[in-house]
Amino acid sequence: MSILINNFEIINNGSDLAIDVETGLGYTITSILLWDMFSFKDYTLSTNLGYKLEQINNKEVFIVNAIELGLLKFEDIYFIEIETSQPSPDCPTCLMPALGITYNILPYYQCMLNSLLASEINDCITCNDLASKNLLVTINLLIDSIEKSIDLGFYSQAIDNLKKLKKLCGLEKCTNCLSVECSSCSKFKQT
Amino acid sequence: MIINETNNQAITISSLNKIYNQAKINGKLDSVNLYILNIIFKLLNGCCITLTNYEKQRLMEMYRKIYFHSNTICKNAFVEPYQYLKPKFFQADLEDCNSFNKFPKIYYWQEEDYNTISNDVFQLIDDTGYFITKSFDSYENFEIGKTINYSNYGKIIFLATNTLNTDVFKIKDFLNIEVNDSFTITYNDVINSTLFVSKNNYSYGDINFKIIKL
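Chains A and B supply the protein sequences, listed in that same order. Take the first sequence: its position 73, counting from 1, is numbered 73 in this note's numbering, and each next residue is one higher. Take the second sequence: its position 68, counting from 1, is numbered 1068 in this note's numbering, and each next residue is one higher.
Worth double-checking, as some hints may not be accurate.
To be verified - Heads up, simulated BS3-like pairs for lysine-lysine below, C-alpha to C-alpha not over 27 Å straight-line: (1) Lys163(A) x Lys73(A); (2) Lys1056(B) x Lys187(A); (3) Lys73(A) x Lys187(A); (4) Lys1146(B) x Lys1199(B); (5) Lys163(A) x Lys133(A); (6) Lys52(A) x Lys41(A); (7) Lys41(A) x Lys59(A); (8) Lys133(A) x Lys148(A); (9) Lys1042(B) x Lys167(A); (10) Lys1172(B) x Lys1146(B); (11) Lys166(A) x Lys41(A); (12) Lys163(A) x Lys148(A); (13) Lys1065(B) x Lys1213(B); (14) Lys167(A) x Lys133(A); (15) Lys1199(B) x Lys1134(B); (16) Lys1172(B) x Lys1210(B); (17) Lys73(A) x Lys167(A); (18) Lys1042(B) x Lys133(A); (19) Lys167(A) x Lys148(A); (20) Lys1199(B) x Lys1170(B); (21) Lys1199(B) x Lys1056(B); (22) Lys1056(B) x Lys1042(B); (23) Lys148(A) x Lys1042(B); (24) Lys1042(B) x Lys164(A); (25) Lys163(A) x Lys189(A); (26) Lys1042(B) x Lys166(A); (27) Lys1042(B) x Lys163(A); (28) Lys1042(B) x Lys189(A); (29) Lys1172(B) x Lys1199(B); (30) Lys1134(B) x Lys1170(B); (31) Lys1065(B) x Lys133(A); (32) Lys1134(B) x Lys1065(B); (33) Lys133(A) x Lys1056(B); (34) Lys1213(B) x Lys1134(B); (35) Lys1199(B) x Lys166(A); (36) Lys187(A) x Lys1210(B).
Claimed, not checked - The following residues of chain B were derived to be distant from chain A, with all beta-carbon distances above 10 Å: (37) Asp1137; (38) Glu1140; (39) Tyr1153; (40) Ile1185.
If you are wondering where the hints come from, they were derived from the structure by calculation, not from laboratory data. The beta carbon of each residue, even a glycine, is placed where N, CA and C say it ideally should be.
Chain A on its own, in the form it takes in the complex (with noise of 0.2 Å):
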């Protein structure tokens, strides 16, 4: 592979994005570009990250932060697109890019957490309250969904099922959910 991500992670509690990535002996990452969610691989939405790369070498490592992009804070899902001057082994006339995730769905178990929590479970004689069970069910089902599909490449399944779960922890009033403090707050996979 001509680009290797090392490191594509939402930190410290969500306001930081670290970059590490690095491409042939040689050769420089000629471009990044970052989408989140809701304009997944529309390039006319994306943010180009170009203005952070130094090329002076094959390697690219920097952290982006939230305030820079006039976000809140990093949350759900990120990919970035990244482009190598090394050309392809497989097709040296071809652009290569190279498509990098990040994924931070811990509020989400937080909002799995208090359904399970408010869901009172005395014992299995009186636990009939299948509305709440229903929904934690539901809630663990699109959690386990989006992993799955981030792990398949069915990047559109899971940033539709990541919709439907914050619609669903919102309905909750999952008050506490976005606040669970985490240093690595998330997972990332390159493609």
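Let chain A serve as the given structure and place chain B on it in line with the hints.
Same frame as chain A, now just chain B:
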């Protein structure tokens, strides 16, 4: 209660009745409950977010309650039938038979009968139904120190679950002084738990104990 020749049969039947009733209420664990059991298990295993002590305790309580009624995933094997006139009672096998992990915890309570000796409690705890309704807390909280409000006069009991015969515990009072000598400590290999029964009776009030697994 003292069991003697005149009342032993009634007491035996009464305890069978309890077990029978317990078996009756052990309803089936439907798929939703099984799913929720798994969610709780994942959360307690630290899959996702850092839990507070309160959240851990609530989840452990839920897990225990659902688990305890998990008749369909832990089918009670019926052993020796007891026939005493009518109706017919069946002794449920209380041995755990499924692979769902239990979370180690320490049960605590006070025996109201001040004549209770360690051996009495030792026999009672073979029946998990005896102590499963008692209060409990995590090992972590007992290590920090737990204040318990006792409302009777009698022996105080701790039961540390999921232990090995070789496990060593240190019990400390609120002055941080080791008080192991004040307790009879025995290991019960039927339920893999360590039992602590105070040698003296304790009266009403708050008492702080630390129980540390070495």
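Evaluation of the provided hints:
1. Lys163(A) x Lys73(A): holds (17 Å)
2. Lys1056(B) x Lys187(A): Measuring from Cα to Cα gives roughly 24 Å; hence the hint holds.
3. Lys73(A) x Lys187(A): Given that 27 Å is the threshold and the Cα spacing comes to 16 Å, the pair holds.
4. Lys1146(B) x Lys1199(B): Holds. Lys1146(B) to Lys1199(B) sits at ~20 Å (cutoff 27 Å).
5. Lys163(A) x Lys133(A): At roughly 20 Å apart (the allowed maximum being 27 Å), Lys133(A) and Lys163(A) satisfy the hint.
6. Lys52(A) x Lys41(A): holds (20 Å)
7. Lys41(A) x Lys59(A): The given pair, whose Cα atoms are some 24 Å apart, holds under the 27 Å limit.
8. Lys133(A) x Lys148(A): The given pair, whose Cα atoms are some 22 Å apart, holds under the 27 Å limit.
9. Lys1042(B) x Lys167(A): The given pair, whose Cα atoms are some 24 Å apart, holds under the 27 Å limit.
10. Lys1172(B) x Lys1146(B): Since the Cα atoms of Lys1172(B) and Lys1146(B) sit roughly 10 Å apart, the hinted pair holds (cutoff 27 Å).
11. Lys166(A) x Lys41(A): holds (21 Å)
12. Lys163(A) x Lys148(A): holds (16 Å)
13. Lys1065(B) x Lys1213(B): holds (26 Å)
14. Lys167(A) x Lys133(A): Holds, at roughly 17 Å.
15. Lys1199(B) x Lys1134(B): holds (20 Å)
16. Lys1172(B) x Lys1210(B): Holds, at roughly 5 Å.
17. Lys73(A) x Lys167(A): Measuring from Cα to Cα gives roughly 19 Å; hence the hint holds.
18. Lys1042(B) x Lys133(A): The hint holds at about 16 Å.
19. Lys167(A) x Lys148(A): Holds. Lys167(A) to Lys148(A) sits at ~20 Å (cutoff 27 Å).
20. Lys1199(B) x Lys1170(B): holds (16 Å)
21. Lys1199(B) x Lys1056(B): The hint is violated at about 32 Å.
22. Lys1056(B) x Lys1042(B): holds (12 Å)
23. Lys148(A) x Lys1042(B): Given pair Lys148(A), Lys1042(B) holds - Cα atoms ~16 Å apart, limit 27 Å.
24. Lys1042(B) x Lys164(A): holds (22 Å)
25. Lys163(A) x Lys189(A): holds (20 Å)
26. Lys1042(B) x Lys166(A): Status holds; Cα separation ~22 Å.
27. Lys1042(B) x Lys163(A): holds (24 Å)
28. Lys1042(B) x Lys189(A): It holds: about 23 Å lies between the C-alpha atoms, which stays within 27 Å.
29. Lys1172(B) x Lys1199(B): holds (15 Å)
30. Lys1134(B) x Lys1170(B): holds (22 Å)
31. Lys1065(B) x Lys133(A): It holds: about 15 Å lies between the C-alpha atoms, which stays within 27 Å.
32. Lys1134(B) x Lys1065(B): holds (12 Å)
33. Lys133(A) x Lys1056(B): holds (19 Å)
34. Lys1213(B) x Lys1134(B): holds (21 Å)
35. Lys1199(B) x Lys166(A): violated (57 Å)
36. Lys187(A) x Lys1210(B): Given that 27 Å is the threshold and the Cα spacing comes to 39 Å, the pair is violated.
37. Asp1137: holds (17 Å)
38. Glu1140: holds (18 Å)
39. Tyr1153: Tyr1153(B) is indeed farther than 10 Å from all Cβ atoms of chain A, at 31 Å.
40. Ile1185: The claim stands: Ile1185(B) keeps its Cβ more than 10 Å from every Cβ of chain A (closest is about 32 Å).
Violated hints for the displayed structure, listed by number in ascending order: 21, 35, 36.
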